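Peer 1: The residues making up each chain are set out below.
Protein chains: 2
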Amino acid sequence: MKLEIHTRSDHEETLSKIISNIRDLINYKNLEPGDKLPSERMLSEKFEVSRSNIREAIQKLEFYGILHSKPQSGTFVANIGVVAMNGMLEDILELEDPDFKSLVETRILLELKTVRLAAIRRTEEDLVRIKKALDDHEKKIASGQDAVQEDLLFHLAIAKACGNSTLNTFMLTITPQIIIDFEKYHVCYNELDNVRIKEHLDIYEAIKKQDPTLAKEKMKAHFKLLYQYCYNV
Amino acid sequence: MKLEIHTRSDHEETLSKIISNIRDLINYKNLEPGDKLPSERMLSEKFEVSRSNIREAIQKLEFYGILHSKPQSGTFVANIGVVAMNGMLEDILELEDPDFKSLVETRILLELKTVRLAAIRRTEEDLVRIKKALDDHEKKIASGQDAVQEDLLFHLAIAKACGNSTLNTFMLTITPQIIIDFEKYHVCYNELDNVRIKEHLDIYEAIKKQDPTLAKEKMKAHFKLLYQYCYNV
DNA sequence: AAAACCAAAGTGGTTAACCAATTTTAACCT
DNA sequence: AGGTTAAAATTGGTTAACCACTTTGGTTTT
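Top line first, the protein sequences correspond to chains A and B. Mapping of the first sequence onto the numbering used here: residues 42 to 274, in sequence order. Mapping of the second sequence onto the numbering used here: residues 42 to 274, in sequence order.
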């Protein structure tokens with residue numbers, strides 16, 4: 042599945058329709074965990090959509106752990122129980138597209154954690170990678186060019202060093218949308234370059250000396266402007 | 042795209058290979074943001090894989106905001122710059138599958154935030170939904186049945202009330218894998234039912250009286266056992 | 001010389017045919 | 001009858017053909 046980033050299209054509309062159809066089918070037929078769903082061909086005929094659409098919907102539900110496809114055998118209801126399934130399906134169907142504020146809020150939460158964990162768990166290898174990202178960022182600014190990318194990579198380097206693959210994945214997930222929204226809402230970036238360099242250095246130093254509390258504090262200071270901006274949009 | 046939950050399969054192996062091929066191609070041809078990638082048919086011929094695989098890889102990179110497909114026109118390098126792109130691609134290719142510890146650690150982080158936000162932002166509608174999940178959970182336990190699903194739905198109801206669609210999506214994303222891992226590692230659940238009911242009630246009351254600090258505190262207490270368990274695995 | 005236009009090639013998206021593995025069915029032997 | 005086995009039907013996955021739309025290059029017209 043994917044985090045919805047663009048506006049709800051016709052395609053997603055039909056996908057949601059198929060998902061709710063599958064839900065209704067499971068409930069109507071009282072399918073329990075382990076039971077087999079009708080074949081993709083039958084579903085496509087029954088719901089009057091293409092088999093590709095059916096496959097897409099099934100893949101999405103597979104991502105959320107609700108269904109499980111077994112090659113040359115069938116698609117089965119996963120072992121999470123009908124109650125949880127219905128609850129989750131309802132949530133999935135009602136999921137809104139993430140707005141800018143929600144993204145920034147989440148990013149701040151994630152990064153205050155990743156920087157803390159990175160300070161605790163970073164290896165020497167992580168440290169040199171972060172240092173390199175730090176230097177690249179500074180050099181790019183020194184050359185008078187826009188350094189949004191390098192700024193971003195510094196933060197991703199920290200996420201990578203936090204030793205938590207889920208958090209790392211989430212950071213990778215929201216980063217591109219953050220960039221897009223930054224451009225869309227014209228978040229200022231060229232100003233205060235020197236301040237940002239200093240803040241990055243503070244964060245790096247805290248990670249280097251393995252001081253998680255200080256690292257979190259410096260990251261929070263780094264997000265101060267963004268935080269204010271986010272809540273004034 | 043999707044959060045990888047199962048062990049690395051051949052399919053994902055070829056997908057990674059295609060992605061790194063695309064990366065090499067972009068670097069070799071010095072493609073810049075906005076430039077057009079070769080057509081899917083050409084790529085499938087060049088990399089000696091099926092067009093479906095190419096499409097899958099492109100969709101994954103589209104999810105991370107690196108590429109952008111335009112119907113009847115072509116696939117283009119997104120506007121994030123070659124430096125950030127290479128950095129992100131490296132991270133994406135090296136992404137590990139999320140382990141249990143990382144999932145639990147992330148869940149605790151997310152829920153301490155969602156419960157706080159829910160206490161601040163919950164509507165009356167949210168409150169009745171949470172209350173219903175609370176009651177369902179208690180009833181199920183009273184009937185002597187296993188109530189893992191209802192427990193889960195209580196937490197998802199809180200996530201839904203936090204007013205942050207990104208956090209809500211993340212919670213939905215990790216929940217099924219958490220369930221699977223709970224079963225896999227035989228995390229005890231039937232014991233301490235009454236304690237859990239009480240803890241849920243405390244959390245609900247805090248959200249009801251819109252006390253974010255108290256809500257977070259109660260959630261932290263609720264996770265105490267899980268926290269210890271997680272760090273002893 | 002520049003603008004308008006049209007046909008042909010090329011694109012991602014969609015649909016239908018095909019494949020190998022599995023499951024079911026039924027025929028057959030003991 | 002019961003068990004065995006082989007063949008036929010069914011499955012999700014894969015590949016190839018098709019479609020509607022966009023782009024583009026050359027030609028014509030003004």
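Calculated from the structure, these hints are not laboratory results. Any given hint could be a false lead.
Each pair may be met inside one copy or between any two copies, as identical chains are not told apart.
[Unchecked claim] Pairs of lysine-lysine residues, derived as DSS-like cross-links and limited to a Cα-Cα distance of at most 27 Å, are as follows:
id	residue 1	residue 2
1	K70	K173
2	K111	K257
3	K142	K261
4	K101	K111
5	K101	K58
6	K180	K70
7	K101	K142
8	K111	K172
9	K142	K257
Because the structure is a prediction, the values reported are computed rather than measured.
Peer 1: All hints are to be evaluated individually against the structure, with a verdict given for each.
Peer 2: Comparing the hints with the structure gives:
| no. | hint | verdict |
| --- | --- | --- |
| 1 | K70 <-> K173 | between (58 Å within a copy, 25 Å between copies) |
| 2 | K111 <-> K257 | neither (45 Å within a copy, 41 Å between copies) |
| 3 | K142 <-> K261 | both (17 Å within a copy, 25 Å between copies) |
| 4 | K101 <-> K111 | both (15 Å within a copy, 22 Å between copies) |
| 5 | K101 <-> K58 | both (13 Å within a copy, 23 Å between copies) |
| 6 | K180 <-> K70 | between (63 Å within a copy, 25 Å between copies) |
| 7 | K101 <-> K142 | both (26 Å within a copy, 25 Å between copies) |
| 8 | K111 <-> K172 | neither (46 Å within a copy, 38 Å between copies) |
| 9 | K142 <-> K257 | both (21 Å within a copy, 21 Å between copies) |
Of the numbered hints given earlier, the model fails hints 2, 8; all others are met.
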